[in-house]
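Residues per chain, in single letters:
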Amino acid sequence: MAAVPPAPFTIRVQLFARYAELLGADHLDVVTDGPLTVGEILSRVRAFPGGGTIGVGTLVAVNLRQAPLSAPVTRGDEVAILPPLAGG
Amino acid sequence: MAAVPPAPFTIRVQLFARYAELLGADHLDVVTDGPLTVGEILSRVRAFPGGGTIGVGTLVAVNLRQAPLSAPVTRGDEVAILPPLAGG
Amino acid sequence: MGYLTRRPIDVSELIAAVSAPERGGIATFVGLVRDHHGGRAVRALEYTAYEPMAESICAEIVGEAEARWPVRIGLRHRLGALGIGDTAVAIAAAAGHRDEAFGACRYAIEELKRRVPIWKRETFADGSEEWVDPSRTAAPSSEEREGMAPW
Amino acid sequence: MGYLTRRPIDVSELIAAVSAPERGGIATFVGLVRDHHGGRAVRALEYTAYEPMAESICAEIVGEAEARWPVRIGLRHRLGALGIGDTAVAIAAAAGHRDEAFGACRYAIEELKRRVPIWKRETFADGSEEWVDPSRTAAPSSEEREGMAPW
Numbered sequence: 001m002a003a004v005p006p007a008p009f010t011i012r013v014q015l016f017a018r019y020a021e022l023l024g025a026d027h028l029d030v031v032t033d034g035p036l037t038v039g040e041i042l043s044r045v046r047a048f049p050g051g052g053t054i055g056v057g058t059l060v061a062v063n064l065r066q067a068p069l070s071a072p073v074t075r076g077d078e079v080a081i082l083p084p085l086a087g088g
Numbered sequence: 001m002a003a004v005p006p007a008p009f010t011i012r013v014q015l016f017a018r019y020a021e022l023l024g025a026d027h028l029d030v031v032t033d034g035p036l037t038v039g040e041i042l043s044r045v046r047a048f049p050g051g052g053t054i055g056v057g058t059l060v061a062v063n064l065r066q067a068p069l070s071a072p073v074t075r076g077d078e079v080a081i082l083p084p085l086a087g088g
Numbered sequence: 001m002g003y004l005t006r007r008p009i010d011v012s013e014l015i016a017a018v019s020a021p022e023r024g025g026i027a028t029f030v031g032l033v034r035d036h037h038g039g040r041a042v043r044a045l046e047y048t049a050y051e052p053m054a055e056s057i058c059a060e061i062v063g064e065a066e067a068r069w070p071v072r073i074g075l076r077h078r079l080g081a082l083g084i085g086d087t088a089v090a091i092a093a094a095a096g097h098r099d100e101a102f103g104a105c106r107y108a109i110e111e112l113k114r115r116v117p118i119w120k121r122e123t124f125a126d127g128s129e130e131w132v133d134p135s136r137t138a139a140p141s142s143e144e145r146e147g148m149a150p151w
Numbered sequence: 001m002g003y004l005t006r007r008p009i010d011v012s013e014l015i016a017a018v019s020a021p022e023r024g025g026i027a028t029f030v031g032l033v034r035d036h037h038g039g040r041a042v043r044a045l046e047y048t049a050y051e052p053m054a055e056s057i058c059a060e061i062v063g064e065a066e067a068r069w070p071v072r073i074g075l076r077h078r079l080g081a082l083g084i085g086d087t088a089v090a091i092a093a094a095a096g097h098r099d100e101a102f103g104a105c106r107y108a109i110e111e112l113k114r115r116v117p118i119w120k121r122e123t124f125a126d127g128s129e130e131w132v133d134p135s136r137t138a139a140p141s142s143e144e145r146e147g148m149a150p151w
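Residue numbers (our numbering), protein chains in the order written: chain A, 1 to 88; chain B, 1 to 88; chain C, 1 to 151; chain D, 1 to 151.
The following block holds chain A by itself, in its conformation from the complex:
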């Protein structure tokens, strides 16, 4: 039997502070037809206009917790790219 082609879905990536300003948006939608790693999402966001300034050491949160570049991200996950923290 023939494989059913996977249905594409979007992963919403939230942007804050300097990154939101640089990319001119407080979120981006990354379209994919399967899970991505955090590193892959970062690469996609860097390809947007203004995204090149997002550093390699940037923190990424998945579902409100910091996640390593290798962490998988799939449908329904809440992703956020965090510029250097400056609280306190």
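FYI, nobody ran anything at the bench for these hints, they're computed from the structure.
Computed from a predicted model, the values in this text were never measured in an experiment.
Using N, Cα and C, we set each Cβ at its ideal position, and we do this for glycine too.
It cannot be assumed that every hint is accurate.
Unchecked claim - Derived list of chain D stretches under chain C, where covered just means 3 residues or more per stretch with a C-beta under 8 Å from a C-beta of chain C:
id, stretch
1, 8 to 19
2, 23 to 31
3, 34 to 42
4, 101 to 111
To be verified - Calculated pairs, EDC-like style, for lysine to aspartate or glutamate (alpha carbon to alpha carbon, straight line, at most 20 Å):
id, chain 1, residue 1, chain 2, residue 2
5, D, K113, D, E66
6, C, K113, D, D99
7, D, K113, C, D99
8, C, K113, D, E100
9, D, K113, C, E100
10, D, K113, D, E130
Given chain A, put chains B, C and D in place with the hints provided.
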């Protein structure tokens, strides 16, 4: 020529907290005809009724500063015997 | 209960909220908005946060401190526009002994700075604005140091 | 300016008095009257001091801390009759950096307890009264420890 006998004077010793209670007074006057050491003053105070409970390690202040047993005390000095401190 | 607030922070209230007859030693840390940063005069600033994550990480830090020391922790971080001298952050740690109170208070402020997603946009006296990046300004480079007056 | 006071201590006021735009990090320690001491329920207490010496030593401690760290120190100790939960002592250390603020605050409270001639008379729930001697109650003897419940 004959030596002039020294004139006796009093050194006022202040008492606080438990010591004031034990000796039933907030000060004692020690009469002397010359300088005494802190240790000598302590011995005199211990000889008063209730004074026996003043410990050997008791702090003594002369002119608002802690003083060792060997420190001299003379006319006009402000002496105080301090029970264990309990501030803060 | 929110750790983030858009209203002025009242330290006395925070202390009262965590203290108790058996927790009579309270260490606090209060951070105020400074009028200078990186050698430039600051006129105003604004804090923003990734709010659900910031609340979650604050709760995590408070939980860690309360697990490690026998303390009760109160924590508030202000968001929005602040003026010079306003309280930006306050932490109170109440314990039976001051060692525990100081240890837990210190832990909480260090972890807050390290882990809570909050950002600060400064407006300088000349009207220019900048997002603060502590990783760039905390330790001036040797070149920057050489340009500084020696006193 | 007196370090000793017979009126309630206002921590916010103490913080405001020492902080400044260039001293935006403030560490404080607040000590409240506890309801227990040495395993007995305390109903009330009274602080007395050898006042001129206590003022002088407080000034000395503040001077030492301000010489050792770039801080400004505020310090208040209450005298007279206090109730459970009242603030007995408060210290605020304001600095440009929190390391300095914490270090100086800790120094001041340790030295205050060690050197300032202040005494505390406790009234217990059963009406008995006692002058507190920290040298006897701070570290229970082995015998006393053995009588304690293990939890």
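Verification of the hints:
1. 8 to 19: The restraint on the stretch 8 to 19 of chain D holds, since 5 of its residues have a Cβ under 8 Å from chain C and three suffice.
2. 23 to 31: As far as the stretch 23 to 31 of chain D goes, the hint holds, because 8 residues have Cβ atoms under 8 Å from chain C.
3. 34 to 42: Per the Cβ count (3), the hint holds.
4. 101 to 111: holds (count 5)
5. K113(D) x E66(D): 18 Å, holds
6. K113(C) x D99(D): 14 Å, holds
7. K113(D) x D99(C): Since the Cα atoms of K113(D) and D99(C) sit roughly 14 Å apart, the hinted pair holds (cutoff 20 Å).
8. K113(C) x E100(D): Given that 20 Å is the threshold and the Cα spacing comes to 17 Å, the pair holds.
9. K113(D) x E100(C): Roughly 17 Å between the alpha carbons, so the hint for K113(D) and E100(C) holds.
10. K113(D) x E130(D): 19 Å, holds
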